[in-house]
Structures are given as C-alpha cells and as structure tokens.
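Trainee: Chain residues, written in single-letter form:
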Amino acid sequence: MTEMTRRNFSLFAGASLATLSTPLFAPAVLGQAKPRLVVVGGGPGGATVARYVAKDSAGAVDVTLIEPLKNFTTCFFSNLYVGGFRDRKSLTHNYDNVRKSGVNVVHVMAGSIDRDKKTVMLAGGARVPYDRLVIAPGIDLKWDSVPGYSEAAAQTMPHAWKPGAQTELLVKKLNALKDGALIVMVAPPNPFRCPPGPYERASMFAHVLKKKGHKKSKIIIVDPKPAFSKQAVFMEGWEKHYPGMIEWQDPKIHGGIKGVDAKTGEVKTDFSTYKAALANVIPAQMAGKIARDAGLADQSGFCPIDPESMKSKVDANVFVVGDAAIPGDMPKSAFSANSQAKVAAMIIRAELTKSRAFPARYSNTCWSLIAPDDDIKIGASYEPGEGKIKQTTGFISQKGEAADVRKQNYKESVDWYNGIVADVFG
Amino acid sequence: MPGATAGQIRSTLSTSRAIAAYLLMIAGGVTASYGADAELGRYLSSECMTCHGTAKADSTIPNIFGLGQVHFVEVLRAYRAKALPNPVMQTIAGRLNDDDIAALALYFETARKPN
Chain A
175 MTEMTRRNFS LFAGASLATL STPLFAPAVL GQAKPRLVVV GGGPGGATVA RYVAKDSAGA
235 VDVTLIEPLK NFTTCFFSNL YVGGFRDRKS LTHNYDNVRK SGVNVVHVMA GSIDRDKKTV
295 MLAGGARVPY DRLVIAPGID LKWDSVPGYS EAAAQTMPHA WKPGAQTELL VKKLNALKDG
355 ALIVMVAPPN PFRCPPGPYE RASMFAHVLK KKGHKKSKII IVDPKPAFSK QAVFMEGWEK
415 HYPGMIEWQD PKIHGGIKGV DAKTGEVKTD FSTYKAALAN VIPAQMAGKI ARDAGLADQS
475 GFCPIDPESM KSKVDANVFV VGDAAIPGDM PKSAFSANSQ AKVAAMIIRA ELTKSRAFPA
535 RYSNTCWSLI APDDDIKIGA SYEPGEGKIK QTTGFISQKG EAADVRKQNY KESVDWYNGI
595 VADVFG
Chain B
67 MPGATAGQIR STLSTSRAIA AYLLMIAGGV TASYGADAEL GRYLSSECMT CHGTAKADST
127 IPNIFGLGQV HFVEVLRAYR AKALPNPVMQ TIAGRLNDDD IAALALYFET ARKPN
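Sequences listed follow chains A and B, in order. Sequential numbering from 175 applies to the first sequence in our numbering. Sequential numbering from 67 applies to the second sequence in our numbering.
Distance condition first, Cα-Cα at most 16 Å in a straight line; then the derived EDC-like pairs of lysine to aspartate or glutamate:
1) A:K414 <-> A:E575
2) A:K585 <-> B:D124
3) A:K581 <-> B:D124
4) A:K229 <-> B:E105
In silico negatives: residues of chain B with every beta carbon more than 12 Å from chain A:
5) G101
6) G132
7) L133
8) G134
9) V136
10) A147
11) A149
12) D164
13) E175
14) T176
Only some residues are given here: those of chain B computed to face chain A with a beta carbon under 10 Å:
15) E105
16) L110
17) S112
18) M115
19) H118
20) A121
21) I127
22) N152
23) Q156
24) I158
25) G160
26) R161
27) P180
FYI, nobody ran anything at the bench for these hints, they're computed from the structure. Don't be surprised by glycine CBs; every beta carbon is placed ideally from N, CA and C.
Looking at chain B on its own, in the form it has when it is part of the complex (with noise of 0.2 Å):
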C-alpha cells in the first residue's frame, strides 16, 4: 500500500477499527476469514506482489504480510473509499468487492513472505 507507512496504517486502523467493525457487522455480519474464497485470495495477491512482496521497515510501500484480517480488510476500504491517500492503491482497491477484499485479506494473514 504505497503512501501509507507501517505506522500511518496503524494511526489509522486505530482511529477507524471501531466504525470498520460496525460497517463490517451491518454489512451481514460476515467476518473477514468466514467464508472468504483462499483460492481467490491467492491469484488476487499476484497484483499485490508486484509492489509489496520486499517491503522492509522502512519501506514507502509497507509489508501487508501477516498483517491481521480486520485491519486489512480496514484499510482496503478505506483506500476504496478515497479516506486514505495515493492514487495507485485507490486504484487497486477500486475495483475490489467486499469478497475480494476478504479473500487477499485471509491469504495475507496466512501465507508467507517470499525470502
């Protein structure tokens, strides 16, 4: 996610986990792992890699690997919604449906950084 550090994701995710979580609840109830499509999340996550897949530290483009679904899930609405900045990840996210979004979410969490 370039434009947003490490540190700038958590500032947000900590100001914005609480209405994500409620947005999350009305939207069905569905939970970012229940139900979200592995398979999907693997072959959307080779648009991800073109960026992401060395971040380091102190990286423009931060490491998105392990990072915990509801956060995830956050900030790629957030980038949909245009609350965070940087065209190229507002572009990327655009087009991601809530079912998108929860499948690269469930795939980040759970599978490993390439060495």
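Extracted from the complex, chain A is given alone in its bound form (with noise of 0.2 Å):
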C-alpha cells in the first residue's frame, strides 16, 4: 500500500464501491454459507495467505482479499531497479491469477476494523465481516524518528522505503548526479524492513556512479546501529568493487544523528554536516496504521503474534502477517511475510473447516547484490520456542568466496524471484 494510494484513495473510495459485486456482500445479508476469512493487504504475505486458503479449502472458505493497488510492485528486488538490473514492468504484478485461485479480490482500502463486530470497515463506508481475518498492512514510516524528515521532506530527500513513486524519485536523482556528488543515506534503527536493504542499495548507487565513470563521488551511510547485516561481506565487496566510494559511519564515528534540511540538503551529524547531493534518508518504521488503529500493535508499534500459529495475541480471530508482526528472531522481509503467511493459511483452514493442522515451520533467505555476478546471501530456519519464532539453524556468506558461488547466489536469487512472485501473485 503505497502512501500515495492511502491519501488518495477517499477521492476514489465512493466510486470503487459502486462497482463491488453484490455475492461480496451476500452472506452478511442472506445468512452466512460459508466461514469468511477477509485478508487486509495484497502483499507477499497477505496475498500468500489469501490463495493458499482458497486453493487448499477448494471453496469451503470464503476468501475476500483487499488491496487498493491493481497493480503491486514489489520493494523486494527494487534495488535492482535502482543499480538498473531490473525494469520496473518485471517487479509489477496483477491480481488475476489471485482471483484465479478463488480468492474475491477488492480494490479499495480497508479504513478501519471493528473487532468487536468482527467487520473491516472501507473507505467510503462498506463493512466486510469476517470470522477470520488477516492483516497484513506492511510498514509505515516513523517520520519523526529523524529531526527535520517529514512527508514533505521526503519529496526532496526520498526514503524509497515503499515501492512506487518514492524508488521513481530515487532513481531519477541518482541519474542525475555529477562526478565529485556526495550521497548521504541515513539507515534506519532495528527493527526494519529488510536488514540487508540499505546496504545493498548503498552498492546499487556505487555501482551506478561506477559505470558512468565516476572518480570522485561519495557515499556516506550515517547509520544509528552499531553494526549490520551481512556487514563483513559487504565491506569486504566495497572495498573490492568501490575502492573508498563508500563509507559506513556507525555511531561512535558519527556522535549521533542530529536531523537533515530538506532546504538546503544538509544530513547533520553531531561530528559533521553533510551537504548532500542526493540524500536518502530512511526513518525508523512500525506497523501500518490500520493494524495499530486496531490495537493490535504494542509499543514497539509492531504487532506481537502467538509464534505457533501467526495469530495476534490480542485477538484470537486476527492474524497479523509480513512487516506488521514482531517475528522474533525472523527478519522482516518478503520471504518471511510468504513463510508466515502459509502457517496462518494452514492454521486458519484448520480452525475453520476443521482440516488437519501442524507444526509451525518457518524459513527465509535474504539475497543482496554487492556488484554485477557478486551476491552474498543470508538464512535460517524457524520454528516456535522461547515464546516466539526462534532460530534453529543458518546460514551466511562468507568472506573470501570464489566468484562462481556469488555468480551462482544471483542466478539463484533471479530464479528466487520468479518463485516467490508466482507463490504470491498465481
């Protein structure tokens, strides 16, 4: 769900309505045929969990997706289209082969849950009831989180941190930049949307600002973490690609992030300021507003979920999926919303048609691009324990890798996106 489509969609909302099909509607009117589950959110985990409920229970559950996007571009693999590996038609996606599954799938925003009266209120006034429901809303942004950043600000100083028009601006800057510019990307605080994210981004603009011949430009990541992911493997690919393009800051070098000026493009650090041609700067995030509206989210803004079942600890009717829950030891990436998303699919068509259930199993591989043929990758598998979603094995590139296994991790990771994009969209 993008930010443009969440303001916009009231102008819209009235006219989408008028188009919805009456059987949407049908059982709270007629008498209810089957068990509803309402999923809020078409992303890889809500998606997933729409079409695996659909197609595993062959029409005994009553599946309604909504989504306001007919088309979705995936923030996975967005960072290719910034380094230019990637178009963005090849990371857009439809709904058909969703409805195909049997899945209802409604273009219109969800503006409210009441969950008293088990109903998903939309925008412009419809109610959809539900006897489970999934959110699955993804991140918004915290944009206070940095001094002087605000949704305006990101007009000039673009977080890109959702797909759309953000990545649009991103990308346009980035092509814009002479030799000698200096970028200042501002990382985000754990926990966030994809770990690996901002550093392999950090590679797609040197890689960018390599090819067109660049000798003297800079990156400069200010980062509020004292460490990252997969941050051996990458420094070592920065200094082998990019020799002394990009400099990470962790906050003993940089004494703290004091704010940015989308004005004049300043990035002021307690030890510098840093007067940016380009500066991404990616706020701290929590749970999107619909799941925090709905008192599902804790403190931390996330939302925290029974690790057996991806059930929301606060109603036992909800399911919290994707960047919106606090996996535990899982990372918040695509993969894990697509593993997530099938044990709550299985555990919903348990509860609701009384289908076998079983343990919960989770997994996820993270693959990042450092340069062209040079992929380093990160995983694990998860299951239950300690009271949330544990680690029990991994994975991690290594240091010193010979360059067919990188060459090999990026085809693999091409093929990984095919997968993962049919698991989701059909």
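Dock chain one against chain two, each of which comes alone in its own frame, and use the hints as you go.
Mentor: Below, the structure written as structure tokens:
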C-alpha cells in the first residue's frame, strides 16, 4: 500500500464501491453459507494467505482480499531496479491469478477494523464481516524519528522504502548526479523492513556511479546501529568493487544523527554537517496504520503474535503476517512474510474447515547484490520456541568466497524472485 | 533445490542411488511412498513452493515436480547430510526427518506443477 494510495484513496472509494459485486457482501445479508476469511493487504504476506486458503480449502472458505492497488510493485528487488539490473515492469504484478485461485479481490482501501463486531470498514463506508481476519498492511514510517524529516521532506530527500513514486524519485536523482557528488544515506534503526536492504542499496548507488565513470563521488552511510546484516561481506565487497567510495559510519564515528534539512540538502551528525547532492533518508518504522488503530500493536509499534500460528496475541480471530508483525528472530522480509503466511493459512483452514493442523515451521533467505554477479546471502530456519519464533539453524556468505559461488547466488536470487512472485500472485 | 541443476541431481543420483536404496532398506524397509503422509507432504511442500514453483530447464533452482520418490528421498537426504552443496537446501533439509522427506517425495511425484 503506497502512501499515494493511502492519501488519495478516499477520492476514489465511492466509485470503487459502486462496482463491487453483490456476492462479496451476500453472506452478511442472506445468512452465512461459508466461513469467511478477510485479508487486508495484498503483498507477499496477505496475498499468500488468501491464495493458500482459497486453493487448499477448494471453495469451502469464502476468501476476500482487500488491496487498493491493482498492480503491486514489489519492494524486494527494487534495489536491482535502482542499480539498473531490472526494469520496473518486471517487478509489477496484478491480481488476475489470485482471483483465479478463488479469491475475491477487492481493490479498495480498508479504513478500519471493528474487532468487537468482526467487521472491516472500507473507506467509503461499506462493511465486510469476517470469521477470521488477516492483517498484512506492511510498514508505516516514523517520520519524526529523524529530526527535520517529514512526508513533505521525502519529496526532496526520498526514503524509497516503499515501492512506487519514491523509488522513481530516488532513481531520477541518482541518475542526475555529476562526478564529485555526495550521497548521504541515513540508515534506519532496528527493527526495519529488509535488514540488508540499505547496504545493498548503497552498493547499487556505487555501481551506477562507477558505471558512469565517476572518480570523485562518495557515499556516506550514517547509521544509528553499531552493526548491520552481512556486514563483513558487504564491506569486503565495497573495497573490492568500489574502493574508497562507500563510507559507513556507526554511532561511534558520527556521534549521533542530529537531523536533516530538506531545503539545504544537509544531513547533520554530532561531528559533521554534510551537504548531500542526494540524501536517502530511511526513518524508523512501525506496523501499518490500520493494525495500530485496531489495537493490535504494542509499544514497539509492531504487532505481537503467537509463534505457533501467527495469531495476534490480543485477538484470537485476527492473524498478523509480514512486516507488521513481531516475528521473533525472523527478519522483516518478503520471504519471511510468505513463510509466515503459509503457517497462518494452515491454521486458519484448520479452524474454519476442521482440516489437519501441523506444527509451525518458518524459513527465510535474503540475497543481496553487491556488484554484477557478486551476490551474497543469509538464511535460516525457525520454529516456535521460548515464546517467540526462534532461529534453529542458519547460514551466511563468507568473506573470500569464489566468484562462481557469488555468480550462482545471483542466478539463484533471480530464480527465487520468479518463484516467490508466482507463489504470492499466482 | 538451489545449487544443483537437474543434470547435477541426476548425476548425483546415479552415483548414490544404490547407497540410498541400501540405507532405505536398513532403515526399516520403508519405501518412499509406503505409509507416507500425503497431507503432511502438502503442507511441507508450501516451503518448497517459495522457490521451486516456476523452475524451468535452465533454472538454477530446478523443477522438482514429477521427480521419482526414490530420487527425491536421495537428494533430500544428501542435502541433509551436507553431501550436496548449497546452504539454502542444507538448511531446509536439515530439519526434515525421514517421514517428512517421504511425505514430500510422495507429494512432488504426484502433484501437478502450477501453470
């Protein structure tokens, strides 16, 4: 759900609702024929739950997916678009095959949830009753986590942490840079969507600048964290492919991020003020608004879940999957969301149709491209344990790996992309 | 199964088939399909579908639909034993017990690949 659709949706809600087919709301009016699953959010978490419940229940569950976008551009692999390895069209998917799986897909914005009445209120006023609800709204940004940053400031200092217009703005600004330019990235604090993402993005910035023949341009990452995902192999790759171009500063080096000024392009730390030709400010994050408004989030801004089921800890009829959830040891990634969705789908089907339930299992792998054919990965298996989703085994790319291993990783990541989008969108 | 092409899998299978068949025999004589839990296989297969659902002939991640059960069991056990490379598959297979693998083998031999 992009910010643009959030802001503009109400303008179109009435028109969209006028086109809704009667059967969507028929059970509430005519008496319930089938148990009803409603899924809010059509990304890798939500669309996967909807599709798996629909196809595995073979029509025994009435599944409705509420997603305002008719075409969903994936955030995963968007860094490869920044680097020029993918075009936007290849990252954009429609819901035709989700419908063919037996899901009622409704392109409207879900406005709020009445958990007492087990109803989702759509923008425009329509109500959709549910027996089980899945919330998968992704993230919202904590604009004020970086002093001086705001939704308006993002028009000149893009975050590009949600796909769409922000990514386009970032690419436009990147491609306009002249040699000698300074890029400053403000990295986010934990927890955030796609832990290796900022560092893969910095790699893609460097790749673009190198390809254009830049000799003097520089990328500074000011990071509120003392360490980051796949750090050793990223930093080895930066020195190998872009020597001296990328400088990562932890809090000991910058002394603290003091703020940004969208008018001047300045990024201020305790020790320095940088005037950036391109400032990429990625603020702190929290669960999407609809989840927070429904009282599903805790003080962290994210939603606690039961690790056995992905069920919300505050409402047994509601499941939260993907970036909005508190996933224990799992990172916030599309792979994780897709994995969590399958556990949720299995449990929901068991509850609504008395099908068998199995112990929850989760997995994740994140690939990151440093330079052409130099791709690194990290992954793990997870199971419920110690009251959370607990990592059981894992692996990570090592420094000094052979070039053919890294090239194979890249090919594997491309095949994974094709696989997961087919799994999510059909 | 990332990291192993279809050809590599066939090659590995040809060299390990006899050993695997022997291991299956001494493990209690349970063949891949006999007693395999089809419903469990369907659930566990969802983890595989994240990567394997669209595999093509030249994919790094191979097609596993229609793979014979004995072949499938051999490959998964080889990954579990880290006898085949690729940490993704080693990690996936690492928590599968023999019943899990048999259930998956049954599923993928008989299930239709998504269009």
